[in-house]
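> Can you build the whole structure from these sequences, using the hints too?
These protein sequence lines are chains G and U, in that order.
Mapping of the first sequence onto our numbering: position 315 corresponds to residue 315, and the numbering continues sequentially without gaps.
Mapping of the second sequence onto our numbering: position 242 corresponds to residue 242, and the numbering continues sequentially without gaps.
A few of these clues could be false.
Stated by the list, open to error - In silico EDC-like links for lysine to aspartate or glutamate, alpha-carbon gap of 20 Å or less:
1) G:216 x G:236
2) G:151 x U:56
3) G:234 x U:88
4) G:203 x G:127
5) G:367 x G:331
6) G:499 x G:479
7) G:319 x G:472
8) G:152 x U:78
9) G:211 x U:78
10) G:216 x G:227
11) G:151 x G:208
12) G:216 x U:88
13) G:152 x U:56
14) G:491 x G:359
15) G:211 x U:88
16) G:151 x U:48
17) G:524 x G:246
18) G:171 x G:184
19) G:439 x U:44
20) G:524 x G:292
21) G:211 x U:56
22) G:234 x G:534
23) G:171 x G:140
24) G:203 x G:184
25) G:152 x G:136
26) G:369 x G:351
27) G:211 x G:230
28) G:152 x U:44
29) G:151 x U:44
30) G:418 x G:398
31) G:319 x G:236
32) G:216 x U:48
33) G:259 x G:246
No lab work stands behind these hints, which were simulated from the structure alone.
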Amino acid sequence: MAHDEGTSRRKFLTAAGTAAATASIAGCTGGEGGQDTTTETDTATEETTETTEDGGDQSGDFSVTITQGQMPTTLDPQNHRSTPTDNVVLHAYEGLLSRTRKGKVQAQLATEWNRQEPGVVRFQIREGVTFHSGNELTPEDVAFSINRIVKKDVGIASPQSDQLAGVTGAKVVDGERAVDVMSDGLNPIVFSLFATYGDVMEKAWVQDREKSQIAKQMNGTGPFELDTYEENVKVEFSRNDDYWQDPAAVTSLTFRAAKESSTRVNQLLSGETDIIVNVPPQAISRVKGANDARVAAVPSTRVIYNAMRYDVEPFSSPKFRQAMNYAVNLEGIIENVLQTFGDATGQPTLEGFFGYNPDVGPYAYNKQKAETLVEESGHAGAEITLHTPVGRYLKDLEIAQAVANQINQLSNVSCSVKQRDFGTLAGELTDGNLETSPKFYLIGWGNATFDASQTIIPLLTSDGALTSYSNDELDNLIEQAQSESNQDERKQLLQEANKLIHDQAPWIFLNRQYSVYGATNDVKWQARRDERIDAYAMEPQQ
Amino acid sequence: MSMGRFLIKRGLQGVFVIWGVVTVVFGLRYVTPGNPITFVAPLDASQELRQQIAAELGLNRPFYVQYFDYLLSLLQGDMGYSYISGTEASSLIFSRLPATLELAVAASIVAVVISIPLGVVSATRRHEPADYAATSFSLVGISTPNFWLGIMLVLVLSVQFGLFPTSRRGIGLYPALTMLVTQFQVSGLVTWISHITLPAVTLGTYFTALITRLTRSGMLDELGKPYVRASRAKGLPETLVRYKHALRNTLIPVVTVLGLQLGTLIGGAVITEAVFAWPGLGTLVINAINARDWPLIQGSLIVIGTGFVLINLLVDTLYAYINPQVVH
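Below, the structure written as structure tokens:
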């Protein structure tokens, strides 16, 4: 990998391996004693190496501005499903567990977490934590927050209820500073879910306010307190000096947005902002060439793929689907279209995730084999159309055009690209009816739980919300995995599922997306794989 | 018809136009592809969750019920709540309106200040170097795409020379003026000017070129008319002939175009707003359309439509003032 900032595959694999191992231990078997059970090994190497030329601000004031592509849609941490919103609200709100930059599950508002019985887990709630309102965090607040997400009769129909998949409710444990969380089955990934989702709010504060007020005000336990919010313009935070951990080094934090990537890059280069998201490949050399800015890139948790509907010709033939994979020169696309900011995939689960099968590699480009497989499938002369959103994922249209062009190079298949509005395309995929989906489409899927099931279940099982595939053997494997309490067994089942999916090729397996940031050298900061931008981890360069 | 009756008639017509806008915009949501639930609910949401969210947003009620409810709410000044953020659509729209108005007015001022003198000079010095320079400027101005000009101005004047901020609004005009009046501080106004200059020039360039051409051709037209020859024959000074009589008549179509363009600028400054991360109504509407946030789309379009109606009313009034014959 040719990145200055050290996103090499070897480094990433080392880090991701550690993350997966620790996440699976702490996240799936439960931590008998919280932090003590989640010891982080030191084998992981940092993905980005910071260098500096400028000194930090010596006055004690350390202001940071972060510019995203979009502003938060709301400040209600439980009433949205957008990453830019998460990036903002998670500076004020916290969950029971969290993840380190490397993906390891760690204690946050819970000090211990363990399984009581199948379907019931218990969290011990940290003492001495106060909300920004000054009130102390109680187990009632935690139980209320979880119920607000998963129960429609507690305030809102939260779009996050599916993020806490299987969780049915929470209640305070009598006589203890603990909360029991109930699930409708074993829920093997429940701790992984709570490490990523489930922000805690103050019960009385929420109940005293209208929904529209909760969307504009904040009262969490996090390291930053809301100062001003101009909807769709800016969010300003100041440091919470009463934070239960050490106060942040950042004294004031501002979030802004600029939709145009060139505008963000200009802001960075003129020193108007400190961190920008999604530096486009064509602007990377500009940022790298600047004296006081750098590029920080990191593999994300998002996989890009071309789904092929298994129920329609010619995609009903596994041979035809495999042929499409052999027809695509994936390394060429990563090299030329993504300028190396991507990794080739050969299965739906990304490297470093629980259930990833290390023995399954990407399909190798082989045009002749692709043509032969097309002939054998009986679909020679097929004309196919690839539907793609534009601007939703890094270089989505360009990737789709490259894929279609390469399929077109086959002597016996022709392929064209159809640009689609993302909302319309997504509506067709999520209406619960496979027949309304395009036969062949490009889409991306982010999975911040680092568990294979959260990609395979929605996208590839027969009942998945966005499925393009149905296979009894795969359904059985996943069903077994979801009721398996032994983690080694579960891992093996998920790896088998990944091998099966690779061989059956319901997708053209494309790339793992990278998050590419621009940052000034004044700020010491390292990018995260889960797309979070955590100002609490920032320090001034000395 | 008296001036008062003329304005009342125009005002009533405007009310009907606004009602038409409301109805058409409301109807559009039923013929436009894409469901707002897709954006509010996550991609992997269950059907049950989708139905819950639809019920919460009131989208499961019949069309006519939603329409009459909306009309009733609108009469009470309530534009509903944004599907995505859950906050009042009206507060979002009216918080963006000043930024857009400032930009539109600033771009118009840039255009008027440059274009009318340029057009007059061009017409009065026909086939002279000044005329060629002005017509070349017009051609370049009309042919240059907004986004390219904006990016170039930023690259050269902001990034390279650091003369202006690259983007954002900095401070609103009202707070800047308040600072000036109450605290005698000009820093607010300086910040406002530094932030608005590049977007106003970018947005105003096409407009400037257009008005220059319009003024030039109008002026040439007027200068060739018999009343000008008669005025000159009577011995009126040339400046009086040009600037009191000919220019006044030239400005009638110019005022009309100015008014219509101002309306267009309010609704259509999207590209400039995107390039300069300007927090205006244009980007709000585009984001709302992308997210199928119908209360916000409807509210914004109604405000823009109302703006058009008011500007037209103003133009009609001005038109009537400049040329009282139109009243009759």
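> If any of the earlier hints don't hold here, list their numbers in rising order.
8, 24, 25, 26, 31, 32, 33
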